[in-house]
Amino acid sequence: MKLKFAEERLFKVLMIGATLAVFAFVGSIIYSILSKGWGAMSWDMITKLPGGGFYVGKEGGFLNAIVGSVYVVGASAALGLLVSIPVVFYLNVYLKRGSRFAYVARLAYDVLFGIPSIVYGAFGFTIMIYFGLKTSLLGGIIVITLLIIPIFIRSMDEVARQFPREILDAAYSLGATRLETIRVVLRQIAPGIATATLLSVGRAIGDAAGVMFTAGYTDSIPTSLSQPAATLPLAVFFQLSSPIKEVQDRAYAAALVLTLIVLVLSILGRYVTNRFSKHKLK
Amino acid sequence: MRFRVLKDKVAGGVMFSLTALSLLLVVVMGAGLYMKSAPIFDEHGLGELLFSSSWKPMRGEFGFLPFIAGTIWVTVIAVVIAVPISLLTAVFLVEYARPVTRKYVFPALDILAALPSVIYGVWGTLLIVPFISDWLAPRFVDFSTGYTMLAAGIVLGVMILPLLVSLFIEIITSVPGELREASISLGATRWQTTKSVVIRDVRPGLAAAVVLAVSRALGETIAVLMVCGNLPEIPRSLFSACYPIPALIANNYGEMLSLPSYEAALMFAALILFVVVLLFNLISRVILYRVEKNVA
Numbered sequence: 061m062k063l064k065f066a067e068e069r070l071f072k073v074l075m076i077g078a079t080l081a082v083f084a085f086v087g088s089i090i091y092s093i094l095s096k097g098w099g100a101m102s103w104d105m106i107t108k109l110p111g112g113g114f115y116v117g118k119e120g121g122f123l124n125a126i127v128g129s130v131y132v133v134g135a136s137a138a139l140g141l142l143v144s145i146p147v148v149f150y151l152n153v154y155l156k157r158g159s160r161f162a163y164v165a166r167l168a169y170d171v172l173f174g175i176p177s178i179v180y181g182a183f184g185f186t187i188m189i190y191f192g193l194k195t196s197l198l199g200g201i202i203v204i205t206l207l208i209i210p211i212f213i214r215s216m217d218e219v220a221r222q223f224p225r226e227i228l229d230a231a232y233s234l235g236a237t238r239l240e241t242i243r244v245v246l247r248q249i250a251p252g253i254a255t256a257t258l259l260s261v262g263r264a265i266g267d268a269a270g271v272m273f274t275a276g277y278t279d280s281i282p283t284s285l286s287q288p289a290a291t292l293p294l295a296v297f298f299q300l301s302s303p304i305k306e307v308q309d310r311a312y313a314a315a316l317v318l319t320l321i322v323l324v325l326s327i328l329g330r331y332v333t334n335r336f337s338k339h340k341l342k
Numbered sequence: 007m008r009f010r011v012l013k014d015k016v017a018g019g020v021m022f023s024l025t026a027l028s029l030l031l032v033v034v035m036g037a038g039l040y041m042k043s044a045p046i047f048d049e050h051g052l053g054e055l056l057f058s059s060s061w062k063p064m065r066g067e068f069g070f071l072p073f074i075a076g077t078i079w080v081t082v083i084a085v086v087i088a089v090p091i092s093l094l095t096a097v098f099l100v101e102y103a104r105p106v107t108r109k110y111v112f113p114a115l116d117i118l119a120a121l122p123s124v125i126y127g128v129w130g131t132l133l134i135v136p137f138i139s140d141w142l143a144p145r146f147v148d149f150s151t152g153y154t155m156l157a158a159g160i161v162l163g164v165m166i167l168p169l170l171v172s173l174f175i176e177i178i179t180s181v182p183g184e185l186r187e188a189s190i191s192l193g194a195t196r197w198q199t200t201k202s203v204v205i206r207d208v209r210p211g212l213a214a215a216v217v218l219a220v221s222r223a224l225g226e227t228i229a230v231l232m233v234c235g236n237l238p239e240i241p242r243s244l245f246s247a248c249y250p251i252p253a254l255i256a257n258n259y260g261e262m263l264s265l266p267s268y269e270a271a272l273m274f275a276a277l278i279l280f281v282v283v284l285l286f287n288l289i290s291r292v293i294l295y296r297v298e299k300n301v302a
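Quick note, the sequences are listed as chains A and B, same order.
If you number the first sequence the way our numbering does, the last residue is 342 and the count never jumps.
If you number the second sequence the way our numbering does, the last residue is 302 and the count never jumps.
These aren't lab readings, by the way, just hints derived from the structure by calculation.
Some clues are possibly wrong.
The calculated lysine-lysine pairs, modelled on DSBU-like cross-linking and capped at a C-alpha distance of 35 Å, are [unchecked claim]:
| id | chain 1 | residue 1 | chain 2 | residue 2 |
| --- | --- | --- | --- | --- |
| 1 | A | Lys305 | A | Lys194 |
| 2 | B | Lys15 | A | Lys156 |
| 3 | B | Lys109 | A | Lys64 |
| 4 | B | Lys299 | B | Lys15 |
| 5 | B | Lys201 | B | Lys109 |
| 6 | B | Lys201 | A | Lys156 |
| 7 | B | Lys15 | A | Lys72 |
Could you build the full structure based on these sequences and the hints that come with them?
Now the structure itself:
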């Protein structure tokens, strides 16, 4: 009789311990990035390009990586939205509930979502060789677009599935075609789309393995699609592997910038859902 | 009037082809990687590639066993660390915690999920690697750089935590409340109910979640690459370096173009990852969909 209460107490302690461990992990990650990165941070880091002796510890910053990441992810997000919004609309409005094709499609997008970005990178590289492309901004954009589409579709689909079917029926009864209901649907799921976009962009901007062989790395800001582009995760990765302390410090500064960008996107995503869903019919 | 119907049909066609095309990506990817890695099959045969442990690309010897062993070990360590923590956390959040507690834990999990791989790598080199080389390893072995299989496993374990917790929560919530009430009314404690009723009810779902997390862990590249030591040998202990498959691909991309069979070998590595992850994902997703359906 006593034993079961002892067991209850033991496991409760273990559970609280596990939950505290989660906080400890988050705390130690944020703390280590902040404390290391803050010391190395300066205005030059985020406003200047790498100077002559940058990689032996002389002046300059990693503006090239920040701009490169924004270019790659911005273009990929725009292209990705162009593909994924119609797909989500098709899955949820055109296809009937319980459609076999929708089931297979969702399964396939989930699988694509699960495929590691290094495989996307390797695959993207073979495509680029096939078309005779060198490592370039374009290559990075292609791979990140392929990578981001399943993330977009699955996260928007989750939102769209909550959409009440009665609203569609109301629109049909007024004589709207399926395509014309898009205005009603979009207005309803717009906050969800915004959140999904922000969270997916946060994921794409931190991806290093996909852009490693496709976008390359460079010290300047690309001026055309065929030039290579630096990206933030790779700036962290390459500079950290340097034996020189000043260069390593810059890796921490770049890591801090990347972490802040991702955190802001994540918080913004939550905020949009909370703030703008008041017009939503439940 | 007819024009509107036509527009509806055309838009439907366009959207269908967009969907179908994006789905074809799975097939094209598999086919592309297979074609690129075909030369190495012809030269060496599948058995030699998978079970030989001699990796000397310049001499034309491509044995993937060290990398496969490294991948498996790192993943096993990650799962051993992450599954108990995430299961306990998920049970706590669903069965025990008050809503206020959840309000604080969920954002923390969101942050863990949002942080990029490379940040985990930096964290690993700053905290985990020194922890192992200065504190943990000296108690067991003479010398360790800290860049070890254990470090990679710990970092990877923390990385798959948020995924596991959110899947576990979803699965545990799917157990109907009546089952819990029935068990409690028979005099069981909350933990006894959790252990013998709730968890027993959803074992397939939990297993599927673990499989999904494993497939995520298998493909993690940058974070693991930064802490695993990158030595192409079969790891002998927790404190020796290892070299998982994704790290192999990432490290050697630059040099591979010099040698056609080297390129094919790396493509073969990507193909192994692709096939294993694809299978694991298919199995676990099909099971998870079934769990989801039970909720609705």
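- Sort out which numbered hints this structure fails and list those numbers smallest first. 6, 7
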